[in-house]
Structures are given as C-alpha cells and as structure tokens.
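**Student:** Sequence order for the protein chains is A and B.
Going by numbering that gives the first Met the number 0, the final residue of the first sequence carries number 311, and the count climbs one at a time with no gaps.
Going by numbering that gives the first Met the number 0, the final residue of the second sequence carries number 311, and the count climbs one at a time with no gaps.
The set of hints was computed from the structure by calculation and includes no laboratory data.
Careful, some of the hints might be misleading.
It does not matter which identical chain is meant; a pair holds if it fits inside one copy or across any two.
DSBU-like, lysine-lysine: derived pairs with alpha carbons at most 35 Å apart [what the hints assert, rightly or not]:
#1 208 <-> 76
#2 52 <-> 283
#3 283 <-> 44
#4 226 <-> 207
Here's the letter readout for the chains.
Number of protein chains: 2
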Amino acid sequence: MFIGIDLGGTKTKIGIVNEEGLLTSSISIDTEASLGYETVMKNIKAAIAGLLKQNNLIIDDIASIGMGVPGLIDYEKGEIIYCTNLSWYNVDASGYLRKHFDVPVYLENDATVAAYAESLFGSTKEAASSVFLTLGTGIGGGIITDNKIIRGSHGAASEIGHMVIGENFYDCNCGRNGCFETFASATAMIKYAMHRLEDPSIESSLRKKADKLEAKDIFDQASKGDKLAQEIVNRTAKYLAIGIVNIYNILDPELIAIGGGVSKAGKAFFDLVSSMAGSMTLSKHVKYARIVPAELGNDAGIVGAAFLGMQA
Amino acid sequence: MFIGIDLGGTKTKIGIVNEEGLLTSSISIDTEASLGYETVMKNIKAAIAGLLKQNNLIIDDIASIGMGVPGLIDYEKGEIIYCTNLSWYNVDASGYLRKHFDVPVYLENDATVAAYAESLFGSTKEAASSVFLTLGTGIGGGIITDNKIIRGSHGAASEIGHMVIGENFYDCNCGRNGCFETFASATAMIKYAMHRLEDPSIESSLRKKADKLEAKDIFDQASKGDKLAQEIVNRTAKYLAIGIVNIYNILDPELIAIGGGVSKAGKAFFDLVSSMAGSMTLSKHVKYARIVPAELGNDAGIVGAAFLGMQA
Numbered sequence: 000m001f002i003g004i005d006l007g008g009t010k011t012k013i014g015i016v017n018e019e020g021l022l023t024s025s026i027s028i029d030t031e032a033s034l035g036y037e038t039v040m041k042n043i044k045a046a047i048a049g050l051l052k053q054n055n056l057i058i059d060d061i062a063s064i065g066m067g068v069p070g071l072i073d074y075e076k077g078e079i080i081y082c083t084n085l086s087w088y089n090v091d092a093s094g095y096l097r098k099h100f101d102v103p104v105y106l107e108n109d110a111t112v113a114a115y116a117e118s119l120f121g122s123t124k125e126a127a128s129s130v131f132l133t134l135g136t137g138i139g140g141g142i143i144t145d146n147k148i149i150r151g152s153h154g155a156a157s158e159i160g161h162m163v164i165g166e167n168f169y170d171c172n173c174g175r176n177g178c179f180e181t182f183a184s185a186t187a188m189i190k191y192a193m194h195r196l197e198d199p200s201i202e203s204s205l206r207k208k209a210d211k212l213e214a215k216d217i218f219d220q221a222s223k224g225d226k227l228a229q230e231i232v233n234r235t236a237k238y239l240a241i242g243i244v245n246i247y248n249i250l251d252p253e254l255i256a257i258g259g260g261v262s263k264a265g266k267a268f269f270d271l272v273s274s275m276a277g278s279m280t281l282s283k284h285v286k287y288a289r290i291v292p293a294e295l296g297n298d299a300g301i302v303g304a305a306f307l308g309m310q311a
Numbered sequence: 000m001f002i003g004i005d006l007g008g009t010k011t012k013i014g015i016v017n018e019e020g021l022l023t024s025s026i027s028i029d030t031e032a033s034l035g036y037e038t039v040m041k042n043i044k045a046a047i048a049g050l051l052k053q054n055n056l057i058i059d060d061i062a063s064i065g066m067g068v069p070g071l072i073d074y075e076k077g078e079i080i081y082c083t084n085l086s087w088y089n090v091d092a093s094g095y096l097r098k099h100f101d102v103p104v105y106l107e108n109d110a111t112v113a114a115y116a117e118s119l120f121g122s123t124k125e126a127a128s129s130v131f132l133t134l135g136t137g138i139g140g141g142i143i144t145d146n147k148i149i150r151g152s153h154g155a156a157s158e159i160g161h162m163v164i165g166e167n168f169y170d171c172n173c174g175r176n177g178c179f180e181t182f183a184s185a186t187a188m189i190k191y192a193m194h195r196l197e198d199p200s201i202e203s204s205l206r207k208k209a210d211k212l213e214a215k216d217i218f219d220q221a222s223k224g225d226k227l228a229q230e231i232v233n234r235t236a237k238y239l240a241i242g243i244v245n246i247y248n249i250l251d252p253e254l255i256a257i258g259g260g261v262s263k264a265g266k267a268f269f270d271l272v273s274s275m276a277g278s279m280t281l282s283k284h285v286k287y288a289r290i291v292p293a294e295l296g297n298d299a300g301i302v303g304a305a306f307l308g309m310q311a
C-alpha cells in the first residue's frame, strides 16, 4: 500500500492506494494555509495517522508516501523551494513526514503528478512519451518521456503555461506578456470576454453574466449561437493549438492529454483544437500526437502522488 | 574507428574518427544533389572506400557509420522521411550504406548531431541535459536529456526554430507566422534590417550594404555606434532570450549552447542575451541554464555522426 497526498491551497486530500492504483480510502481536510507551514504539516500528519488507524493499518504496511505540491521542488534535497499559494519558501516537507513516519517520502509538482497518474492509469497509459496540460486558472503541465517524469536540471521544467506564444492585451501574473496561459486557460477566456464586452456596441448573452462569468458559460452560449462566445471559443482553440504545435515541434510526444475545467468543453472543442493543430504542423509527412481529454478525475492527484516512489 | 558523414545540400564531409573523438582523416566532396539520390549515395560510397584505402584500413576496422542529415528521420526503419534541400522523400540511406559496408549504419538530424557532438566533446560536455541552438539561415535545435538524444515519438522533436514566440512582420518558410527563426536567425536579422530600411528617413550605414547585407555587418555596425544596427541587435537578443526562456520553462536544461553564424557575434552579444533571459525567468529562486557559445567548429557534424552508435 502507498499513501498519496494532494496538497492544495484550500483543501488537502490524502488517500491510501493499493498496488493496482485503486484508492481504497481517502480523506479531505482543510489545509489551513493561513496558519502556516507547521500547522499544515501537523494537520497532514494527523490525517495520515487517522487514515491508517481507520483502515487497521500500521506504517509498516505502507511502502512510501508521495505528495503533490502546487510549487517548485528541489529534488536533490527533497525540499519545497516555493509554493506561492501557501507562502512556503524552502521547507523540508519530506523530512517532516519522514521524521513521523519511517518510510520514503517523495515530493512532486502537482501538475506533473496529474500527468504521471494519467500516464499510469488514464488517458496516456498507452504512451511512453506524453504531455499533459491542465487548463484552469492557469495552465499547468507535465512531461513524461520514455515513462520518466521530466523535471529539468533545477526542478523547473514543464512550466508550459509560461511559454510565450504571442502578444496579448494583458500581462501574465508572472509579469511577462504573451504566456500560453493568458491565451488558453479558463481565466484567459473570461478576461478576453470582459475585454470584448468593454465595447458597448457588442450584443451578447454573456453580458448578463458579466461579473460572475465562467468558461462554462462561454462554451454554453457558443453552442447556442452567441457570436461573441463563438469568437472567444475559436480564439481559445487557436492559441491552444499554437501551444500544442510548439510542443509537437519541441518534444513530439505520442499523446497530448488535456485536463482541467476547459477539458470538459466536449468533443466539438477537442475536434476544433485538433483540426487547427493539424493545419499548423511543420511536416505533413508526420502523424503527430493525438489530443485527448484526461480520463482521471479528482483522485488523480492522490493516486499519482502515491506512485511517485516508482520514479525514484 | 568510426566513420562520420555530414550530408549537406552543396558539400558532404566524410571522416574517420577514433575512439577519443579525434578526426584522423577527412574529405569534402560535392554532394551533387541535383543528380538525384542514387548519385549522391554513390559519391558517398566511393568517398568512404577512398578514405579507407588512403588510411590503409578495411571495413572490419570500422565499428559503425553515422550520417547527419538536413531532414527528418524514421528511426525505426532507419530511413530518411524527407530532406528538403536534396528533394529526398522516404529513401533508405542506411540500407544503401549497409549493403556496401557490412557495419551498423545510423542516421540523425544534422542539428541534433551537432548538439550531440557538443555534449560529447564541446561546450556542453559537463552537462547531462542540454539544448543546442544553431542560428544561421534558420534555427536548428538539438535536445539532450540525461545524456540521451531526444528524438520524439515520430522523429520530429527539437524543431525549435518553428516554436511560435510572437507575431512578426513576415511569414516563416514553413507557412506560419511567429516562428522563433523568423526573429532570431541570421536571416531574420537581415530581413528586419531591410524592412526598417524601407523607411527612407532612417539614416544608417547599413544602407550602403543593402543588397548583400550579412548578419556580421549588422553586428559590426552596431559596435561602431550605428543606431539602426543597435536596434536590430537588441531586437535579436530580446527574441533569442524569449525563445531561450521558453526552453527554460519547458525543459530546464543544465546548459544552452549557441552555434552557427550569429554565435560568432562575441561576448557582448552573449552577455546581452544572458541578461535579457535572466530578467524574463519565471522563478527568481532558480539558477537557470547558462547560455554558452558552441565550441566545436565545422568538424562537429562528422564527429557527432561518427558516435551515433553510442545512442543506439
């Protein structure tokens, strides 16, 4: 058995996963990020202890603990370099857990954990080399090459959301202009909608939702024939295709999987993105990666984290 | 001993390389691309036979033959998928050589061969993971991760010159707009100069060279204080930095090496690019790859090709 932890800014999910990748028991706790690193780790420690007890297990039944983290990892030291959402800098989270539970502990970036879970049990399990993109508030990425996670020489690889792909009307949170995630995330769709709605001559059903507009509304209204919504969906698909074709031209993976909110847009959107990407490929003699929706749901973070020991 | 072949559109270089990577004997022949595939391969075959004889060697003294090709390879079949400069499509060049010389034969993209040679004996030999960019007519790329060449699932990886990084005033040869090589190759510098010189109010010493302007002239005039030349050098450095930081954010290599004509611009240009890239990094907590000039000269193509068997 393995323990997987999916650390989030608000909620943290912890689960026991068996050798087949089945989540046999899990718990979701409040992260209580505002109370600081020590409290968060104490909460996680207590939750693990509770989960073991509840399942009549002892720590000797657990082969390893893995944790997915919304931040950057120093893999040599086993430390978290930083974790913006939680205001953590240089904390030895694996050392903390190892002190309380005498098993190997592994840390990994959360988007990479999701990519890894998909490659083990989900949409990319047939592929030795795949790229996973999660489209939500931003764009997270994970790269698997020959069944190995690509972490980079300083743990900073697969930050695909910050690949510059064009010029945009607003700057990215990172301070630069043109990042992939400012064109093709859920946030990007909403920002572009609000930008276009500044023009009072534009008639659109999106205007009613204005302040609480979500990406889902834009997809819904596009399918109902709203012109502005359709324009936004087309723009999103175009830039998603540009980013994907950049990945073709750099990594040429076997499969590209898309997860996160935008991935629930349905087959029509995937067909549109695939067709646009197909028209942008460098060589017509190459059959590039298919673009597929992610298959694993919310548990991917726990399951992927639980299996991190296989990458050590 | 190994044989390395550097196939070019005009000249083809063939050499004998020893176990230490030393080129012991070489010859340069006219490729005669216009006479077609069979003639080109016959020329290469004859040159190899001549080279062996001249060095009192027989084919049994040769461990393997490797060839760098300006095109795309099907690694499973050992065939060239296409080679635009030579108008070759789906030709079994390794089968041809193997038929005449009873040794293993390996094919590889030429920019990747140069990257590999640098990683074995040149600028990136200290690094397990590196990216090589050659800036000339276009931008060629080679990616080494954990001492392994990254070829992609369909042999189409490391086409970094066709990563879209912005919007440009002219389209790329590939048919798209915004490719890295339209911003940061030698050709890109010249095209931008000509574009700016269309404005008759601009005074610049580059105007005299106009029709036969080279990247070197632009660097020379910039160092002499020509305002337009300086503007072009700054623009080139900026976009080169954008492309390099994209590579940081995707692959996070240990080192990035730059070869080709533009790399001869000197230390001031490398310092400018490094400083610009440093200001664009995603995390200030990470010490990203240094940007270094390639070290190997024209022989890199032969030497890298000769050692391709080590990657098989």
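**Student:** A separate judgement is required for each hint: does it hold in the structure or not?
**Tutor:** Hint check results:
1. Taking identical chains as interchangeable, the C-alpha atoms of residue 208 and residue 76 are never at most 35 Å apart, the minima being 48 Å within one chain and 56 Å between chains.
2. For the homomeric pair residue 52 and residue 283, neither the shortest alpha-carbon distance inside one copy (58 Å) nor that between copies (42 Å) is at most 35 Å.
3. In the homo-oligomer, the alpha carbons of residue 283 and residue 44 lie at most 35 Å apart only across protomers (31 Å), although the nearest pairing inside one protomer, at 53 Å, exceeds that limit.
4. For the identical chains of this complex, residue 226 and residue 207 are intra-copy neighbours only, at 15 Å inside a copy versus 52 Å across copies, given an alpha-carbon limit of 35 Å.
Checked against the numbered hints given earlier, this structure breaks hints 1, 2; the rest are met.
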